[in-house]
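Q: Given chain C, work out where chain W should sit, using these hints.
Sequence lines, in order, name chains C and W. Okay, so the first sequence: first residue is 1 according to the working numbering, each after it adds one. Okay, so the second sequence: first residue is 1001 according to the working numbering, each after it adds one.
Keep in mind that a hint or two might mislead.
[Stated by the list, open to error] Subject to a maximum C-alpha distance of 20 Å in a straight line, what follows is the list of computed EDC-like cross-link-like pairs (lysine to aspartate or glutamate):
(1) K1060/W - D1276/W
(2) K1032/W - D1052/W
(3) K22/C - E1390/W
(4) K58/C - D1394/W
(5) K22/C - E1402/W
Since the hints were derived computationally from the structure, they do not count as laboratory data.
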Amino acid sequence: MAYSEKVLEHFKNPRNVGSLNKDAKNVGTGLVGAPECGDVMRLQIEVDEESGMIRDAKFKTFGCGSAIASSSLATEWLKGKSLDEAASIDNMDIVEELALPPVKIHCSVLAEDAIKAAIEDYRQKNGIQVGHKESVTA
Amino acid sequence: MEKRRLIYLDNNATTPCDPRVVDTMVPYFYEKHGNAASRSHQFGWEAEDAVDYAREQIAKLLNVEDKEVIFTSGATESNNLALKGVFEMYAKKGNHIITAETEHKAILDTCKHLEKAGAEITYLKVQEDGLVNLADLEAAIKPTTILVSLMWANNETGVVQPMQDIAKICEKHGILFHSDATQAVGKIRTHPREIGVHLMSFTAHKMYGPKGVGGLYVSRKNPRVKVTAQMDGGGHERGMRSGTLNVPGIVGFGKAAEIAMNEMDQDAARLSKLRDRLQAELTKLEETKINGNIDSRMPHVTNISFKHVEGEGLMMTFNQNIAVSSGSACTSASLEPSYVLVGMGLGDDLAHSSIRFSLGRFTTDEEIDQAIELVRNGVNHMRDLSPIWEMYQDGVDLTKIEWSAH
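For reference, chain C alone in the conformation it holds in the complex (with noise of 0.2 Å):
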C-alpha cells in the first residue's frame, strides 16, 4: 500500500516530536494505545494560564507511518486553539488532511483519543470542571 505524499512529509519530518514536563500544572498528556495493539501516541499540551490557549504540544509515538503523521498533524493544529477548540478536533478532519486509507482511520482515531486524553488530564490537574463530559477513554 502506497502512502499519501502529506503522510510521507510528516512521517520524514515530524513536527513537535519530544517531551514536555508532565509534571508541570499546565502541561496536560495523553498516552494512548497499547504496545500490543502495535500503536502507542503520547501527546502532551502545554497551556497558556493566562489565555487558556495551548501554547506548545508535543508528541511520541510507537507505530506505522500513519500513526506517527496522524500524531504530527495533531500538534500542529492544536498550537493556538483554546481547550474547546482543540476537543472539537475530530478524526475525520486527520483523515481527510492526510488523505487515509480506511484501513488506517484507527490511526486518526488514536490521535483524536489522545487529544482528548491530554486535555482531560490538564483539566482534572487544574479541577476544572466540564458541564457536558464525554468519555474521553480510549
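A: The following block gives chain W in isolation, referenced to the frame of chain C:
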C-alpha cells in the same frame, strides 16, 4: 542521475527469475507453443518432451523418480491437493490430521476447510525456538490419524523442522507424512524418499523460477500413495491433476531445478556468511532479539525484533532503499501481529517489532553493507520517536502500565 537499485531482501516472498531460466522458457511461448497432451503432431510431441525433461530435472534435484512429480499451479495448490486428496482417498482409514500452528495459511486454511468436511485436526504448538516438540507429536497420534503435515522450513523465521525425527515417528505408526517444503526446495537438500516424506509441496518462484507453476511429490512405492484429484477434467498428471500443462513455466521450473542442484551449496555458503554479518551487525543495537532456532535454520534468513519500535513504521524509514517484510500487519483493522511469532510465544509487542530479512542468489556484499547502515539508522530514528523507548530508558516497567485497549 542514475537511480540506485532497490535492495531486495524479501526472497522468501518470491525470488527473481534467474535470467538463465527466462532464456530457456522463451521458445515455448511462440515457436514451440504446443499442448503437451496433443499426441498427433510435432508441436505436441515437442511440448511433451520438454515437460518430460523438466520433470527429470526436478526429480534429480529431489532424488526421486520422474513419475513421482506432479505439476500444479504452485505450492498453495499442491498443499490443497495433498491434504484434501489424502483426506478423501484414505477416508476409510481415519479422519485425523496433525499439523502445527505455525504452518502457512495454505495448510491451516485447508485444514479449516477439512474440519467442516468432518476431519479432526490437531494443531501442535511449537517450542519457543519454532521447532515442533517430538513428544507432543507422538502423543497426538491416534488410531484414526491418517496424515502428519509439517513444513520443512518456516517462511517467516527460516526455522527447519527435525524432518528425519518426524518421519521416523510417522513410519513407526504407519502414518503418511506430508511436508510443505516451499521455502526449502532448491535452497537446501530436500530428498523426501531418503528422509521418509511421502508427499512434498514446492514451487518454482521461491527458487528463481517463474510464478504460477509448482509441484507435488507423491511417493509411488513403499508406500504407494494416491491422492484424490481436486479438479475434474482431462486426467492429466496420472489422474491427480487435470488441466493443460503450463509448458513454458514447467520448462523454466526444470531449468531452475538444474541450476539449484549445481549451485545450491555455493549459494548457501555465501548467503549464510552475508546473513550472519547482517544479523551480527544489527543485533549490536540494544534490545534486539533473533526469532527462531539459529542452529536449525535456512542459510539465507534471519528474523529480528527491534524492541520498542513498530515494524511497519521502521520499514517505512528505509523502504525507498530496501525491500523486506515485517511481522506487524498494521494494514488490517484488527492489527494482528504475525501468528507465527506469537505461536512461538513472542509477545504481541515483540511480534509487532519484527523484521524478516531473506537474502537470495543476487544479493551482494555491498547491498548488505548498505542495508546494515540503513536499518541501524532507521531503528535509531524510530526509537527517538517512540514513547515506550523513552519509558524503557527512564526505567519504567512497561508491564506495569495500564494500557488502554484500542
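Q: Which hint numbers does the structure go against, in order from smallest to largest?
A: The structure conflicts with hint 1 only, although it agrees with all the remaining ones.
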